[in-house]
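Enquirer: If you want the building blocks of each chain, they are given just below.
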Amino acid sequence: MAAAARALRVLPRVPSATRQLHTTPACLKTRAARVRVGKGDKLVTYEQAHPPHHIGHRKGWLSLHTGNLCGEAGAAQRAVEDAFLRRFLYGTFPGLLADEVVLKRRGNLLVICALLGRALPPHKLYFLLGYTETLLSHFYKCPVRLELQTVPARVPYKCL
Amino acid sequence: MAAGAGRCCRAGLSHGALLSWALPFPVALSQAVLSRTAGGALGTPRWGRAASSSAAAVSGREGPQPREGSVRRRGRTPQFVRSAAPPRTERMAVDQDWSSVYPTAAAFRPASVPLPIRMGYPVKRGVPPPKEGNLELIKIPNFLHLTPPAIKKHCAALKDFCTEWPSALDSDEKCEQHFPIEIETVDYVSSGISIWNPKARVVTLRVKLSNLNLDDHAKKKLIKLVGERYCRETDVLTITTDRCPLRRQNYDYGMHLLTVLYHESWKTEKWESEKSEEDMEEYIWENSHSQKNALDTLLQIKTSENVSNVTKEELLASEVVKNYRNSVIALKNNSETESNMSQYKESVKKLLNIQA
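Note that the protein sequences, when read in sequence, are chains V and G.
Under the numbering used here, the residues of the first sequence are numbered 1 to 160, in order.
Under the numbering used here, the residues of the second sequence are numbered 1 to 356, in order.
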């Protein structure tokens with residue numbers, strides 16, 4: 001019995017008779033950044049109304065930096081920074097963002113252009129402005145400038 | 001109502017800041033929290049009228065409603081009515097100082113730019129959207145801060161820091177005569193937190209060999225040492241260094257290389273006397289097969305004609321032999337062309353005294 005156990009331990013491992021299926025996460029390219037047509041009551045902005053294949057033709061870029069040019073480095077770092085900045089601003093100005101945030105990088109300087117609604121009184125907006133600039137410049141170790149504009153309401157482009 | 005607004009703002013802020021990172025984007029929870037306290041107004045910004053709205057709505061004044069934030073309850077949905085001052089464009093004079101409106105590079109502000117600009121793809125049977133709330137105009141880089149009067153002001157301010165070009169160096173030849181070595185370095189500017197670029201350490205050194213003090217042997221030896229780095233047409237030696245991590249180190253290494261090349265090319269090693277005909281850079285007619293053949297042929301001709309003994313020096317100094325020498329050198333050193341071949345033909349005919 002002990003000898004049998006020892007023999008089993010010494011034997012090479014037999015491969016199991018299962019098969020694995022390798023899957024990649026689904027990448028629904030035909031549904032990305034597209035607002036589907038509805039009953040005609042859905043108002044969309046210019047940014048939402050145009051699907052991504054119109055970038056470069058009818059839409060500009062929301063984030064401008066040199067990382068995506070030929071022979072330049074840092075594209076991935078800028079992309080990660082952009083993702084964090086958009087989430088941060090979405091949370092710092094809750095319910096106020098009228099449209100996507102535009103990020104511009106001029107050398108070391110990071111300029112964030114945001115279009116806000118007018119639900120907050122000006123002194124609170126100024127506080128949030130200072131808070132964002134200070135926190136982000138300490139976090140990223142670069143000067144951060146936030147340029148805010150207020151619109152009375154979201155500007156609709158189309159009804160879908 | 002102001003207190004109510006303050007309370008819901010604080011709640012919204014804390015929830016948004018804490019949870020927006022953890023939950024997938026966009027956050028639905030903060031919206032629920034906000035809508036519980038102040039109704040749907042703060043959940044999403046209200047929708048305005050369509051793009052072809054009139055100027056009154058655009059300026060933000062909402063008709064007869066009161067100016068400061070007041071809550072009017074229409075049924076169950078309160079509305080925050082907060083109007084803004086009319087845009088600055090209405091009070092701008094035509095001859096104002098534009099460089100004070102846009103002193104530095106800034107995003108497009110529709111309330112500061114008194115131009116009726118439209119941008120975007122129009123809807124069917126419509127016009128491009130106006131400038132108010134137009135994200136496309138904000139996205140693009142603008143040059144509103146670089147009008148010609150603004151640039152004149154920049155130049156005037158920078159003039160104090162500039163020095164005159166030295167008047168003695170008024171032509172390229174003089175620059176080359178006083179500064180024969182050209183150093184080329186490239187600085188790279190990119191947007192991002194890091195300013196370092198590994199391509200910036202490359203240093204290129206250019207010098208014309210005619211500016212260096214080299215005799216014939218030294219020049220030939222230097223050209224052999226550097227190989228491909230010498231361009232024969234322009235007589236320029238180019239040394240590119242990038243093996244050191246810093247630009248200053250690469251510059252020092254380049255100058256060191258130039259110094260070493262110069263001194264080494266002046267030295268003559270013992271084994272250089274073994275230079276054979278294959279190592280020669282250009283064809284030399286003296287002591288070559290061509291010279292030997294020509295002289296032998298001429299001597300045979302002379303003896304067959306029974307002319308008195310002519311010496312080799314006399315033959316070499318004669319016109320026909322000199323012509324032949326020049327044409328052979330031209331053929332060997334330069335490529336074969338029509339003129340070279342015809343010149344060779346003429347010289348051979350003269351040498352052998354053949355009339356066509």
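If you're looking for bench data, these hints aren't it; they were derived computationally from the structure.
Just to be clear, a hint being listed does not mean it is correct.
Here's a subset of chain G near chain V, in silico, CB distances under 8 Å, partners left out [to be verified]: (1) Arg46; (2) Ala107; (3) Ile117; (4) Gly120; (5) Tyr121; (6) Leu135; (7) Ser190; (8) Ser318.
If you anchor each label on the Cβ, the simulated ranges turn out as follows [said to hold, decoys possible]: (9) V:Phe84 / G:Asp187: 55 to 63 Å; (10) V:Val37 / G:Arg125: 38 to 46 Å; (11) G:Lys153 / V:Tyr140: 45 to 53 Å.
Every residue gets a Cβ at the ideal spot worked out from N, C-alpha and C, and that includes glycine.
Enquirer: Tell me the numbers of any earlier hints that the structure contravenes, in ascending order.
Expert: 3, 8, 9, 10 and 11
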